[in-house]
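J.: What follows is each chain in one-letter form.
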Amino acid sequence: MIDDLVAGLNPVHDDDITSEPSGPAGRELLAGVTALAPRRHRRVPRLAIGAVAAAGVAAAAVFVLPVQDSGPLRSYANAAVRVEVKGGEYEVEVKDAYAGQREFREAFAKVGLDARLSIVPVSPGRERTVIRTGSLHATREGQIPPGGVTGTETTVLQCPPGQAACPLKVRLGGALFRLAGADIVIGRKARPGEIYQDATPARGDRPASLHLTGRTVGQALADLRSRNLTWAFFLGEFKPDGSGGGWNPPESWRPADGRRVTGAWMRSSDSVGLLVTPVKNDPQPTPDG
Amino acid sequence: MMDEDEFAAVYAATYKPLLGYALRRCDTPEDAADVVAETFATAWRRAADMPAGDEARLWLYGVARRVLANHRRGVLRHSLKTAALRAELASITPARDETPVADVFRALPGRDRELLALVAWEGLSVAEIATVLGCSRNAVSIRLHRARRRFARALRAAGIDRPGQVTPALQRSAT
Numbered sequence: 001m002i003d004d005l006v007a008g009l010n011p012v013h014d015d016d017i018t019s020e021p022s023g024p025a026g027r028e029l030l031a032g033v034t035a036l037a038p039r040r041h042r043r044v045p046r047l048a049i050g051a052v053a054a055a056g057v058a059a060a061a062v063f064v065l066p067v068q069d070s071g072p073l074r075s076y077a078n079a080a081v082r083v084e085v086k087g088g089e090y091e092v093e094v095k096d097a098y099a100g101q102r103e104f105r106e107a108f109a110k111v112g113l114d115a116r117l118s119i120v121p122v123s124p125g126r127e128r129t130v131i132r133t134g135s136l137h138a139t140r141e142g143q144i145p146p147g148g149v150t151g152t153e154t155t156v157l158q159c160p161p162g163q164a165a166c167p168l169k170v171r172l173g174g175a176l177f178r179l180a181g182a183d184i185v186i187g188r189k190a191r192p193g194e195i196y197q198d199a200t201p202a203r204g205d206r207p208a209s210l211h212l213t214g215r216t217v218g219q220a221l222a223d224l225r226s227r228n229l230t231w232a233f234f235l236g237e238f239k240p241d242g243s244g245g246g247w248n249p250p251e252s253w254r255p256a257d258g259r260r261v262t263g264a265w266m267r268s269s270d271s272v273g274l275l276v277t278p279v280k281n282d283p284q285p286t287p288d289g
Numbered sequence: 290m291m292d293e294d295e296f297a298a299v300y301a302a303t304y305k306p307l308l309g310y311a312l313r314r315c316d317t318p319e320d321a322a323d324v325v326a327e328t329f330a331t332a333w334r335r336a337a338d339m340p341a342g343d344e345a346r347l348w349l350y351g352v353a354r355r356v357l358a359n360h361r362r363g364v365l366r367h368s369l370k371t372a373a374l375r376a377e378l379a380s381i382t383p384a385r386d387e388t389p390v391a392d393v394f395r396a397l398p399g400r401d402r403e404l405l406a407l408v409a410w411e412g413l414s415v416a417e418i419a420t421v422l423g424c425s426r427n428a429v430s431i432r433l434h435r436a437r438r439r440f441a442r443a444l445r446a447a448g449i450d451r452p453g454q455v456t457p458a459l460q461r462s463a464t
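Chains as they are written, first to last, in my numbering: chain A, 1 to 289; chain B, 290 to 464.
Mixed in with the good hints there might be a few duds.
Over the 12 Å line for every Cβ pair with chain B, so calculated as not near, a few chain A residues [what the hints assert, rightly or not]:
1. ARG171
2. LYS189
3. THR213
4. ASP223
5. ARG227
6. SER252
Going by beta-carbon spacing under 8 Å, a handful of chain B positions derived as facing chain A [to be verified]:
7. ALA301
8. PRO306
9. LEU308
10. ALA330
11. LEU374
12. LEU378
13. ALA391
14. ALA409
15. ARG437
Output of the computed footprint for chain B on chain A, the stretches with three or more beta carbons under 8 Å from beta carbons of chain B [said to hold, decoys possible]:
16. 8 to 15
17. 27 to 33
18. 96 to 108
The hints are simulated quantities; they were obtained by calculation from the structure and are not laboratory data.
The structure displayed is predicted, hence computed values, not measured ones.
Even glycine gets a Cβ: it sits at the ideal position worked out from N, Cα and C.
Using the sequences provided together with the hints, build the complete structure.
T.: Now the structure itself:
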């Protein structure tokens, strides 16, 4: 049963991969690989094994020592981010909020910080705020000293009025981030039409000016069309305290015109999410839904 | 010494399994492209050590595992251009599974996760895993048994007693 459970967690099946060894990328990679000089194996006389073994040890030492000596860098910068180790703290300054995850991770790895920084499009007013911070992975057994570990996080995100270029800095300190890694999500201004990563379904209208909650689906869609907005349905139920849940039905699905909208929210600059209470025969949740 | 044609045959047979292996373990398709490229580059440099037949696939998984470990330490070499491969893989973005079972799995020690994944994702037998990891079958059997037991225990500790019976977790909108 455990194996079936793990199989169900498989994020990518081989069938999902359309890249072929005979395709453009496959051929380019093979050409690049075989253009590299292969390592030559020297034929060694049997009697010289002892000497070769000694030479092997020396070679290993030469290989290992620079790695041990160099260690993580104290600071590193690329086009996307600058990371500096100051005392026991890491100071992360984001230079390009639109940069790819890879550039951030590269910089963190250079200074020995196991971190993931995501700069995501968010709803207006939440730009330059920390959407979420947390650990990247669990700590291993025996890593936590008696008394536990702590982490501190300081952000410099606000942009003073009248300043043309504003810093976007996060300082991480404490053993927690060294042992468990850091997962930081910061908001940035969304491009037109880009889905807000902080937009979540809830009861009622957000903003209140939407005036869609309580109206029928037919009325709501007519209103959205007149405002030149698109929509996406969400099937679910939420309590007044905000708890609850639901799922995304297939994009093409729409409920009958007479059903009621129980919540509406801006999910991008030109799209509105519509919450509808699920009923029998509605699409069911799917693993990726 | 393996010649270019022989290497190309191994490459064709193992290209997709290796891509799958890397994509399942990397955060982004770009990272997976780099890991696969470096794995084949290492294989080419060490072609004399590469076994023939299906053993080559297992041997390459072992190489990929070490390349991935280096990548996670930030020491991946970039000896090859991978722009075309990255572009072809760009559409495959492994969705982060936020279910409680996935959270428990992610919290397992990396060695346990890898063993369980080699069985359930790559479909390898104990003997094949022993080849990948370079250890005995007996050692794999024992480690696998312990990994399964630790996962089951962690699931119970998380209140997931009968994960197979759990209905799909309600998800807040990811949009």
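J.: Is ARG171(A) truly not at the interface, in the sense that its beta carbon sits beyond 12 Å from all beta carbons of chain B?
T.: ARG171(A) is indeed farther than 12 Å from all Cβ atoms of chain B, at 21 Å.
J.: Just want to verify: ASP223(A) was marked as not at the interface with chain B; is every Cβ pair farther apart than 12 Å?
T.: The assertion about ASP223(A) holds, with a minimum of 20 Å to chain B.
J.: Verify this for me: three or more residues of the region 8 to 15 of chain A with a beta carbon less than 8 Å from a beta carbon of chain B.
T.: As far as the region 8 to 15 of chain A goes, the hint holds, because 7 residues have Cβ atoms under 8 Å from chain B.
J.: Is the Cβ of ARG227(A) farther than 12 Å from every Cβ of chain B?
T.: Holds: least Cβ distance 19 Å, greater than 12 Å.
J.: Using 8 Å as the Cβ threshold, decide whether LEU374(B) counts as touching chain A.
T.: 4 Å, holds
J.: Measuring from the C-beta of LEU308(B) to each C-beta in chain A, is the shortest one below 8 Å?
T.: 5 Å, holds
J.: Classify the hint on ARG437(B) as holds or violated, based on whether any CB of chain A lies nearer than 8 Å to its CB.
T.: Cβ of ARG437(B) sits 4 Å from chain A, so the hint holds.
J.: Holds or violated: is there a CB of chain A closer than 8 Å to the CB of ALA330(B)?
T.: 5 Å, holds
J.: Would you say LYS189(A) is clear of chain B, with no C-beta pair closer than or equal to 12 Å?
T.: Nearest chain B Cβ is 18 Å from LYS189(A), so the label holds.
J.: Checking a non-interface call: every C-beta of chain B should be farther than 12 Å from the C-beta of SER252(A). Is that right?
T.: 15 Å, holds
J.: Hold the hint about LEU378(B) up to the distance rule: shortest CB distance to chain A must be less than 8 Å.
T.: 6 Å, holds
J.: Given ALA391(B) was flagged as interface, is its beta-carbon under 8 Å from a beta-carbon of chain A?
T.: Check passed: Cβ of ALA391(B) comes within 5 Å of chain A, closer than 8 Å.
The structure shown violates none of the earlier numbered hints.
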